[in-house]
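Undergrad: Build out the structure end to end from the sequences listed, making use of the hints.
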Amino acid sequence: MVQASSDTGAGLAGLSVSLRGVTKVFDSGITALGPLDLKVRMGEFLALVGPSGCGKSTALRLIAGLAAPTAGTVQIPRHDNGARPGHAIGFVFQEPTLMPWTTVWENVRLPLKLARMPAAGAEARIREALERVGLTEFAQSYPRELSGGMKMRVSLARALVTDPDILLMDEPFAALDEITRFRLNNDLLALWRNLRKTIIFVTHSVFESVYLSQRVVVLTSRPGRIAAEIGIATVEPRGEEFRTSAAYADYCRKVSAALAPAYSGRSAL
Amino acid sequence: MSAQAKRKAADGGGAMLVLRIVLPVVVLGLGLLAWELVVRLNHIPPYVLPGPVLVLKTLVSDWGVLSRSLLTTLLTTLEGFLAASVGGIALALLFNQSRLVEYSLFPYAVILQVTPVIAIAPLLLIYLPQQTAVVVCAWIVGFFPVLSNTTLGLNSVDRNLAGLFQLYGASRLQTLRLLRLPSALPYILGGLRIAGGLSLIGAVVAEIAAGTAGAGSGLAYRIAESGYRLNIPRMFAALLLLSLAGIVIYGLLALVSHLALRRWHESALGKES
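Sequences listed follow chains A and B, in order.
Every letter in the first sequence is one number past the one before it in our numbering, and letter 12, counting from 1, is 12.
Every letter in the second sequence is one number past the one before it in our numbering, and letter 101, counting from 1, is 101.
No wet-lab data here; the hints were simulated from the structure.
Each hint should be verified, as a subset may be incorrect.
[As the list claims (entries may be wrong)] Now the stretches of chain B that chain A is said to cover, found in silico as 3 or more residues with beta-carbon under 8 Å:
#1 147-161
#2 173-182
#3 256-267
[Said to hold, decoys possible] Partner residues aside, some chain B positions facing chain A, computed with beta carbon under 8 Å:
#4 Y103
#5 L164
#6 Q166
#7 G169
#8 M235
Beta carbons are placed, not taken as given, at the ideal position from N, Cα and C, and that holds for glycine.
TA: Next comes the structure, spelled out in structure tokens:
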């Protein structure tokens, strides 16, 4: 179960998320995940990589509290949240997942509205979130009037509007074209540098995981367990030049090698 | 696409549009002409088959009686439609909030739907005042599409959006108001569009069933009455008015649906966007 209590028990200090022996068995009897042990430091950018169906998304849903683990514990040792309204967690799905019937402004406002935040305080936050993703001028547009990349930005702004401590991202850029994806990668890195939120980023792209994160956790095929952890040590801030560096290629090779056993014994399709 | 090709395509589109309007009108004109000719050349008496000219003449000369009947039928239809809309949506919301209520009542909603209303109408006329019975008939026929469409709409919420509402701790009422109802709106409007036409059918069926009871004065009652009196031109004129009423009802509801959805729903968007 998810514990949001101020558990200061052994080893939780400085941690943002802690999974201990977490297993998820679906109603169909399929074991999707685990047992999984994972500790995410406060302010860390962590990438979860694995073959499709390995339970990466399930892991995110468990952390978000959208599903309960079959065994084990998910802990979010909450640090001092001060007067922050709303929730400690922001979630960005693979699809933009916007409400098509209302404007960008109202979509970003949703988390505050659900938390019953007064309009006066909400307005500044919404404006700030839209500014961060560069969509100020599109506040009154409807989602269908935006490109795929812009919709994803709205989704990101909505996740940021509550000023969460943890940002969970489930293959958010997988459906975008490469140029848009690269731009959003850079924007996300810039956001992370400024806000220092804990980000857990699920992806099936080795390149994206290495480019973005400080640590790549490679999962095995179903049921997902940790196959390898690879720390990405590089000069900060990262920029486009990192993409073409020898170190980048090296890390990608390492992650790919760790991922390879997950695919062995499977057909290429 | 070059500018020239674009213009050509636009012209093609315009021409298609004109054809789509002109062709049915031409067919209508030819049909009416053939009808009139058949009647005149064969000297068919009006009590067997009146020509379209005579029907139009009757429509004008009997306008006083017919317009009053039209108003009666429209009022019945409107009452039945409103009852069907409110009842269908309310019942769907109730089903959506409580599985127990849904399981208990849904089979009976289906039974009410599949039993032909023309078979129920005489019974209703026995137990209810005539005007009430007629409205109830219109309601019975109209409410099911609203109920089933609304139910479908309320259940077709994006799974991830629902997850998001859960993540942010949305209350049941918030989820209903901010997520389920807007998601269901296109379906609800689709149901209302069907219900409008069906309410008219329900009203007509009930009027015809009530016809022998005598007190009715709606258009369907006029058709039945004119039949007994062999006033065939008036039957046709009343039928024409009923068709027109149906078309107008459908058109109005389609317009409402378009206006409500035009900013966001695929069904209301032009092909270019």
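Undergrad: Take the stretch 173-182 of chain B, compare each residue's beta carbon with every beta carbon of chain A, and decide whether three or more fall closer than 8 Å.
TA: holds (count 4)
Undergrad: Per the CB criterion, is M235(B) less than 8 Å away from chain A?
TA: Since the shortest Cβ distance to chain A is 47 Å, the answer is violated.
Undergrad: Residue count check for the stretch 256-267 of chain B against chain A: does it reach three with CB-CB under 8 Å?
TA: holds (count 3)
Undergrad: Classify the hint on L164(B) as holds or violated, based on whether any CB of chain A lies nearer than 8 Å to its CB.
TA: holds, 6 Å
Undergrad: Is the interface hint satisfied for G169(B)? The criterion is a beta-carbon contact with chain A at less than 8 Å.
TA: This interface hint holds because 7 Å falls under the 8 Å limit.
Undergrad: Go check the stretch 147-161 of chain B versus chain A for me, would you? Three or more residues, Cβ under 8 Å, otherwise it fails.
TA: holds (count 3)
Undergrad: Hold the hint about Y103(B) up to the distance rule: shortest CB distance to chain A must be less than 8 Å.
TA: The hint is violated - Y103(B) has no Cβ within 8 Å of chain A, the shortest such distance being about 21 Å.
Undergrad: Going by Cβ atoms only, is Q166(B) closer than 8 Å to chain A?
TA: holds, 6 Å
In this structure, the earlier hints numbered 4 and 8 are contradicted, and the remaining ones agree with it.
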